[in-house]
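Chains as they are written, first to last, in the numbering used here: chain A, 95 to 279; chain B, 90 to 267.
All clues given are correct.
Counterexamples of contact, computed for chain B against chain A with all Cβ distances above 12 Å:
#, residue
1, Ile116
2, Lys211
3, Ala242
With a straight-line Cα cutoff of 20 Å, these simulated EDC-like cross-link-like pairs (lysine to aspartate or glutamate) come out:
#, chain 1, residue 1, chain 2, residue 2
4, A, Lys178, A, Asp106
5, A, Lys99, B, Glu260
6, A, Lys146, A, Glu264
7, A, Lys99, B, Glu168
Think of the hints as simulated: they come from the structure by calculation, not from any bench. Nothing here was measured: the structure is a model prediction, and the numbers come from that model. Quick reminder that beta carbons are idealized off the backbone N, C-alpha and C, glycines included.
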Amino acid sequence: MATLKVPVTADDYAQGKSNAAVTLVEYGDYECPHCGHAYPIVKQLQEHFGSKLRVVYRNFPLREMHPNAESAAESAEFAGAQGKFWEMHDLLFENQEQLGGSLYLALAKTLGLSPAALVKALESEEYVEKVSADFNGGVRSGVNGTPTFFINGLRHDAPFDFDVLAPAIEQAMRPAKKTQRKKSA
Amino acid sequence: MAPKKKGSHKGSRRKMARKPQAQKPGILQPGVEAPNFSLHATSDQVLSLNSLRGRPVILAFYPADFSPVCGDQMALYNEVLPEFAKFNAELLGISVDGSWCHQAFAEARHLHFPLLADFEPKGAVARKYGAYRHADGISERALFVIDKNGRIAWSYCSPIAVNPGADGILEALEKLLK
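Bound-form chain B, shown alone:
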């Protein structure tokens, strides 16, 4: 049973929905080469985007570990992993939280995919992808599907309080096969 007080579902969405958007998002668009990065996946392991060349990558930027809506989004993607696996796609969650925080979050939600720490310099990768909210100091809720050659095939920036779901990701992965 998910503890209600943590608000891991959408029931607590309402209080976030009132928050005004800090700025108009301008995330990287399809066709652009995905900027490489190397980020901590755990406190002693670093993962580079380029090391995943040859297979599709899903980058899911999200505002923060443990914030009510994110828990929901990452928990959903965790359940959809078998579908992503059908496309041989690697899912990476990215937020400005540190690796210890990610570890606690992943354990609490039983997440089975890497959460990358865009922690120092803070939000540097989110900035490269145009997915940083300067006023708030967190990343947008932005999704990127990167093809096996490292090119952005699809991107989407969701309103910060709306969990974008996984349908757009799956459609983009399907298009890669065509």
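Chain A with its partners taken away, still in its complex shape:
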């Protein structure tokens, strides 16, 4: 089974505590319709599991298939560098049909970021290396399309509906519980 080769670190964009029982890593593409479909499902999982779940997002733009995926990923990284990653991530998925320069600038403005600085970052390819590093790390981990999820480091080789992901996450929580019981016994 494919495993996550690049461990989650403080450099990752994560929602949730680092000591959460389960870490869900998503490799996604802002232009991928299936990632768009997965976006509310991940939110639903976060609501369902609360502090027991940490969610990490990494870039996996399929550039040939999705011409706006790379620029969207770089825009999210730009926002991330200023503490607004998840806000931009959410807005990009919520406006997936309109990806492109004018949307990025409008979103930057909405988030109180400088549109001019965003243009500069995109033109100077400031975040290209970061996005490529995510992509290549994903390839090494066996990411085979988008979205690909890893649950506590193991690739989730099944559909990504809530009804499939939630039990898989619950199962990943079980061994940890058993260990706790043993310790207290």
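Take the given structure of chain A and dock chain B to it, following the hints.
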């Protein structure tokens, strides 16, 4: 934007996953000399494996053009081409589809590597590599990394509904350097 109805991603994987495997795969194993072949890369161009001696070759057998999971696998490899290029490796996709079908598929997915037509006699090359599904009339989802001397260095047969990704290929290419 990838058209959703074509199912070029893994969202439509589920319906294929239920299909039972037709037979236990018995693909060629590492150490064996890779059988040579000459197949159409386009309607008027033929490519021989032996013509690529001197550099590593990745053979990616896949079941069919335009089938939901394959589109995904070939599209992924298309994105990973710069990584394969670092090893000077040539990627060849092979299925039993004809060259016109391959051409349409490659255009639709913007693929930048050859798709070979194992079309007539149908599946002859897949059979040589032990990667033919007789019951289904298509090839397995089988990967081979062939070294510069034409010997199989690594092979892997994935369950037909599971896109194997590119990690195994890259690890095999790395080992060739050692």
